[in-house]
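Each chain is listed here by its residues.
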Amino acid sequence: MIKIQGLHKKFGKNQVLSGVDLEIDKGGIFAVLGPNGSGKTTLIKSILGMVVPNKGSISVLETNIKNSWKYRQEIDYLPQIANFPGNLRVKELIRMIKDLRREQGNEERLIDLFGMQPFLDKKLSTLSGGTKQKVNILLTFMFDGPLMILDEPTTGLDPASLIRLKELILEGKQKGKTILITSHIMRFVEEMADEIIYLLEGKIYFKGSIEELKNKTGQTDFEHAIADISINSADV
Amino acid sequence: MKCSDGIFALFFLLLGNHLWCQTIEICKSCAVTTIREGVAQASDFDTLLIKKGTYKEFNIKVDKPLTLLGEDYPVIDGDDKGEIITIVSDSVTVDGLFIINVGTSYTADYAAIRVVESENFLIQNVVLEKLFFGIYLEKSKNGRVYHNKIIGDAVDEYNSGNGIQLWYSKNVTVERNIVQHVRDGIYLEFSDNITIHNNISSNNLRYGLHFMFSNDDIYTENIFENNGAGVAVMFSKKIKMQGNTFRKNWGTASFGMLLKEINDAEINGNTFEENTVGINIEGSNRIEYKNNDFVKNGWAIKVRGACYTNSFVNNNFLYNSFDISYNSNLNDNKFERNYWSGYTGYDLDKNGIGDIPYRPVKLFSYVVNRTPETIVLLRSLFMDIIDFSERVSPIFTPDNLLDANPLIKPLR
Amino acid sequence: MFKILKYSFYDLIRSRWSYVYFLFYLALGFVLLFLNNDLSKAVITLMNVIIVLVPLIGTIFGVMYFYSSKEFTELLLAQPLKRSTIFLGQYFGVAGSLTLSLALGLGIPFVLYGLFRSEAIWNFSLLLIIGSFLTFIFTALAFNIAISNENKIKGFGYAVLLWLFLAVIYDGFFLLSLIVFEEYPLDSFSLAATMFNPIDLSRTLILLKLDISALLGYTGAVFKQFFGTNLGLTVAMGVLLFWTILPVFRLAYKSKKKDF
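Residue numbers (our numbering), protein chains in the order written: chain A, 1 to 236; chain B, 1 to 412; chain C, 1 to 260.
Bear in mind the hints are in silico, worked out from the structure with no lab data behind them. Note that the coordinates shown come from a computational prediction; the quantities given were computed from them, not determined experimentally. Glycine included, C-beta positions come from ideal geometry on N, C-alpha and C. Fair warning: there could be bad hints in the mix.
What the hints assert, rightly or not - Among the chain C residues that face chain A by a calculated CB cut under 8 Å, a handful are:
(1) Tyr7
(2) Arg14
(3) Trp17
(4) Glu74
(5) Leu75
(6) Pro80
(7) Gln225
(8) Thr229
(9) Asn230
(10) Gly232
(11) Leu233
(12) Arg250
(13) Lys254
(14) Asp259
(15) Phe260
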């Protein structure tokens, strides 16, 4: 699915990724975690080709992504901040994304699921943050690619929508998709993730299941286990 | 007494009066085969009827009052050997000839037709090609040059001549002629009381019309187009110029009209269009410019040297790159009630006259005078800003050089 | 690319700013025609205005659009689209809609005043050609500035400086150097200096049309050849085209290297 070797990235003087090696070759939900500034978003953007690495190689679905763009057809990406061209209507945005991807989507179901019907003819600039996030989710989940990347998917969602989102993610997992998630909500991660990828100082500090993580840190609670990594590493 | 009137001629013929007006026919198969022979045989006031054909002749001296009348444009071919027709008698008429191949010389000014110290001549309907000098009037009076076509092939100034030249001549009318591709289209030197009307002088090497030391002349409704240096009026007095058109005289030293040492002239109702310089004025005083149109010239008027008491009233200045250019900051000339397309003022009292004065001299024209290449900065914002500040408080341009009553609408 | 262009274009023609721009030109056209009541004179006045104003608007608008569409860009970047496609699409969308505003804004009043029955139509076409070139050039330059500067304020600053430099300061130095070196033959230099500034270049095209009588008053052989034949027109148009293509290429190149 995804294979990353020796990935380095520097923004100015700031070394963000320094030798990330990662291999994911099966379906499931993978949570990318780490303290602020540990390079989660950079890693995800590198996979998406939005950030150009200084060193190292990334392949997605057996193809090296360097100077390539067609592979993104297989990725459904949910960006962290949902901001869209304000002059477009929701309906037009959906149509536009479908048009750009040259793909059919199953947006009807999602519109019903999130109760988006009343907003379809509204301009995006008039929508609230939560509604924008729903649009964001809709745009991501209406396609059926084998790889899904969700950057802080829970932001601004009401409880009912959060439940529906979780259902959608699990549904994707059942279809055998590979789903990468970043989140600050540890309860959400604990509930959903099959595996944790923990980034620290530009490297992968830990990769494994929640159980393995608990064992490693000697904590029984997931949230504490995560906190423990941050504290211990800060001592190093 | 001339014999140009056909009815009189017929009348006298019917009377069988051979002493009066006789017509001598000249053609290849006639009794008389050359013009020279015809002139020799003719008596005073006879008509030589020259039939269609080619006559290889030159140095034909007309020394008695005769009419040389061509039928269907007979060709007189001078074979580049010298002058073709020289008129030394009064009352000679030349009509309907086609003269080509006048000799070129560096020592003698050979002409197609020369009139020497004669009066009452008429030269009309003549076509001249491949000439050196065309029609040359020398110390002659009271004549008329009418409806001729002079087409030269001049390339260099030094070995080409003028189309119509008047030298020490008086009371001559030059009308409806077309002169092209010679050195000077029409040239006047020491010739007074000359009328030049309705001619077209174009594509000449040097000047379309050239005045030197000639006074009390009038030229009206002529067209001067695309001449090397336009029209030059120099060292002359009391010239009237009316309703002429000066067009497309482009080049480094090219003008619609050049005025040099001209006093008391009237320049009315002329059109100066698309010339590098509309009028270039040097040392000319008391000239009245009225009702002229200056359209799309590089410089409408360029004033050099001392020019005093000239008045510019009721002219239209339309879309010239520069309206007026001065090379000093003194001004003794009057600008009043002209229309300036560059005027941006307003007319709140609606009397047709702008409420703020117009300053026709741009600072930029001084800069261009000094460093010609700066012309490429014409219409740049930077120059506009500088011109604007100069207009607000003039430093380099004459303070009193302004049109206090600029018109809001162009004059028709 | 055409899809991006289409959507950027849609987005823009619905934005307030395009209307402001369009209405501004509409008003300018009507006011000029009302004041002058003469097509030729209005066109000449407009030419002076256009070569300064269009670059300013193109630059500001280009920078503004680039920064404000950052999220849209990121949305597009995650789609299976080539990067250069995204940026060129947006660029052509902006430049295209600005050009359309210009053409319609000026076109409507002039057509109503009888442009098609007047001889000013050639000057007016030249005006539109120059306006379009300048829009495309300065929008491209603005995109280049914006793509190289993350900081909005800096980007805006550079954009305005660029405009100020090319519209005014450049000519100041140009004039100064011509006067300082007036002893030397300068005609080649002055023509070359014109080529390095798209505003001057456009001005040259206007001069060729309006001031040919004045331009031919100079002795230099190079000048004579440039202005007296079709050479001037060809060269100026060619270099303008070059000025359009170069920043677009740089934009495509830069967009490949940039991180988001």
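Against the structure, the hints come out as follows:
1. Tyr7: holds, 5 Å
2. Arg14: holds, 4 Å
3. Trp17: With a closest approach of 10 Å, the tryptophan 17 of chain C hint is violated.
4. Glu74: Since the shortest Cβ distance to chain A is 6 Å, the answer is holds.
5. Leu75: holds, 7 Å
6. Pro80: holds, 4 Å
7. Gln225: violated, 47 Å
8. Thr229: violated, 47 Å
9. Asn230: Constraint on asparagine 230 of chain C not satisfied, violated at 44 Å.
10. Gly232: violated, 43 Å
11. Leu233: violated, 40 Å
12. Arg250: With a closest approach of 17 Å, the arginine 250 of chain C hint is violated.
13. Lys254: Violated: closest Cβ of chain A sits about 12 Å from lysine 254 of chain C, beyond 8 Å.
14. Asp259: Hint holds; aspartate 259 of chain C Cβ to chain A Cβ min 4 Å, cut 8 Å.
15. Phe260: Since chain A brings a Cβ to about 4 Å from phenylalanine 260 of chain C, closer than 8 Å, the hint holds.
Against the hints set out earlier in the document, violations occur for numbers 3, 7, 8, 9, 10, 11, 12 and 13.
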